[in-house]
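Undergrad: So the protein sequences, as listed, match chains H and A. If you're matching positions, the first sequence starts at 1 in the numbering used here and goes up one per residue. If you're matching positions, the second sequence starts at 1 in the numbering used here and goes up one per residue.
Take the hints with a grain of salt, since some may be wrong.
To be verified - Taking lysine-lysine and the BS3-like style, the derived pairs with C-alpha atoms no more than 30 Å apart in a straight line are:
| id | chain 1 | residue 1 | chain 2 | residue 2 |
| --- | --- | --- | --- | --- |
| 1 | A | Lys41 | H | Lys49 |
| 2 | H | Lys102 | H | Lys61 |
| 3 | H | Lys102 | A | Lys55 |
| 4 | A | Lys41 | H | Lys61 |
As the list claims (entries may be wrong) - Examples of chain A residues lying across from chain H (beta carbon under 7 Å, computed):
| id | residue |
| --- | --- |
| 5 | Ser43 |
| 6 | Leu44 |
| 7 | Gln105 |
| 8 | Leu114 |
If you're looking for bench data, these hints aren't it; they were derived computationally from the structure. What you are looking at is a predicted structure, and each value in this text was computed from that prediction instead of being measured. Backbone N, C-alpha and C define an ideal beta-carbon position, used for all residues, glycine too.
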Amino acid sequence: AQSVTQPDIHITVSEGASLELRCNYSYGATPYLFWYVQSPGQGLQLLLKYFSGDTLVQGIKGFEAEFKRSQSSFNLRKPSVHWRDAAEYFCAVGAGYSSASKIIFGSGTRLSIRP
Amino acid sequence: GAVVSQHPSWVICKSGTSVKIECRSLDFQATTMFWYRQFPKQSLMLMATSNEGSKATYEQGVEKDKFLINHASLTLSTLTVTSAHPEDSSFYICSANFGLGEETQYFGPGTRLLVL
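Using the sequences plus the hints, can you model the full thing?
TA: What follows is the structure in structure tokens.
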């Protein structure tokens with residue numbers, strides 16, 4: 001069964017600093033990988049996704065993620081964070097075996113921005 | 001982008017009553033919809049997968065008689081929490097995808113349920 005681990009519960013970075021959020025997955029085949037962001041009191045917004053092809057994926061809001069099969073990782077990065085980026089970030093993996101694919105979410109990483 | 005709405009956005013009910021939450025795909029037809037539950041400061045836990053015109057598939061540990069799911073059309077799925085109790089208080093989120101091999105799920109804004 002697939003699973004997702006986000007080892008960092010809470011991260012604080014200074015505004016303008018770079019960011020990397022870690023995500024490790026467990027899945028037997030090629031996974032479908034996602035990063036979602038959830039702002040307080042709001043729904044989830046898709047930042048980016050990886051299905052196949054180029055392992056470096058560009059997303060919205062200046063985020064990118066790199067799929068590394070050898071490390072079973074899909075870390076999210078941003079070169080310079082803004083105070084608006086403070087939110088909860090979820091990494092997720094999909095089975096991708098049918099149109100009714102389940103998505104399994106990691107436990108989330110809360111990002112705080114230091115002024 | 002694809003838009004999914006939920007109604008109501010929040011609801012307070014008395015213990016023992018039933019509450020219905022609607023999930024609609026506004027600009028696309030959703031073959032499959034998913035229902036999640038999120039406790040405070042925790043991740044989303046998949047409750048069930050809802051396919052239009054057929055019975056929902058529930059995850060292990062989710063009571064299908066307590067959480068009734070109906071997916072009567074390609075744009076609407078409903079979750080009814082029957083005989084709600086305080087422990088059912090949570091944030092319920094739905095999502096939908098286009099089906100036909102489309103893996104991306106689009107999420108609704110969620111419904112906060114408080115059972116008194």
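Undergrad: Work down the list of hints and note, for each, if the structure agrees.
TA: These are the hints, each one checked on the structure:
1. A:Lys41 to H:Lys49: holds, 24 Å
2. H:Lys102 to H:Lys61: The hint holds at about 26 Å.
3. H:Lys102 to A:Lys55: holds, 16 Å
4. A:Lys41 to H:Lys61: Satisfied, since the Cα-Cα distance of roughly 24 Å is no more than 30 Å.
5. Ser43: Holds, about 5 Å.
6. Leu44: holds, 5 Å
7. Gln105: Holds, because the Cβ-Cβ distance from glutamine 105 (chain A) to chain H comes to roughly 6 Å (cut-off 7 Å).
8. Leu114: This hint is violated: leucine 114 (chain A) lies away from chain H, its Cβ roughly 14 Å from the closest one there, beyond 7 Å.
Against the hints set out earlier in the document, a violation occurs for number 8 only.
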